[in-house]
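A.B. asks: Sequence:
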Amino acid sequence: QVRVKFCSSAIEDVSEEEIKRDLRKALDNIDEAIYLLREVARSDENYAEVLEDILYHLEEAADLLDSLIAKGVT
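Under our numbering, the letters of the sequence shown match residues 113 to 186, in that order.
For the record, the hints were derived by calculation from the structure and aren't laboratory data. Keep in mind that a hint or two might mislead.
[Claimed, not checked] Mimicking EDC-like on lysine to aspartate or glutamate, the simulated pairs with C-alpha atoms at most 16 Å apart in a straight line are:
no., residue 1, residue 2
1, Lys132, Asp165
2, Lys183, Glu144
3, Lys183, Glu128
4, Lys183, Asp125
5, Lys137, Asp178
6, Lys137, Asp175
Fair warning: this is a prediction, and the values are worked out from it, not measured in the lab.
Given the sequences, and given the hints that come with them, work out the whole structure.
C.D. replies: Okay, structure coming up:
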């Protein structure tokens, strides 16, 4: 099955494997953002409350993305 990847100025066919690789990369970036934001929240309580909502949504996004990677799109 072939998916279409939207690029800045062109559309190209990509394999399911390439899509999963890109999704894993995105998940890794979200995980890194979560880690960094938790560090900021721990080091400065002024940021902690504001970052709480952001962290929640990033964690939800990571869970959904992880499920998508595991199941794939049919």
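A.B. asks: Each of the hints needs a verdict: does it hold here or not?
C.D. replies: To see whether the hints hold, each was checked on the structure:
1. Lys132 x Asp165: Between Lys132 and Asp165 the Cα gap is close to 28 Å, so the pair fails against 16 Å, i.e. violated.
2. Lys183 x Glu144: 23 Å, violated
3. Lys183 x Glu128: Given pair Lys183, Glu128 holds - Cα atoms ~12 Å apart, limit 16 Å.
4. Lys183 x Asp125: Answer violated: Lys183 to Asp125 is near 20 Å, above 16 Å.
5. Lys137 x Asp178: Cα-Cα ~11 Å, so holds.
6. Lys137 x Asp175: 14 Å, holds
Of the hints listed earlier, those the structure fails to meet are numbers 1, 2 and 4, in rising order.
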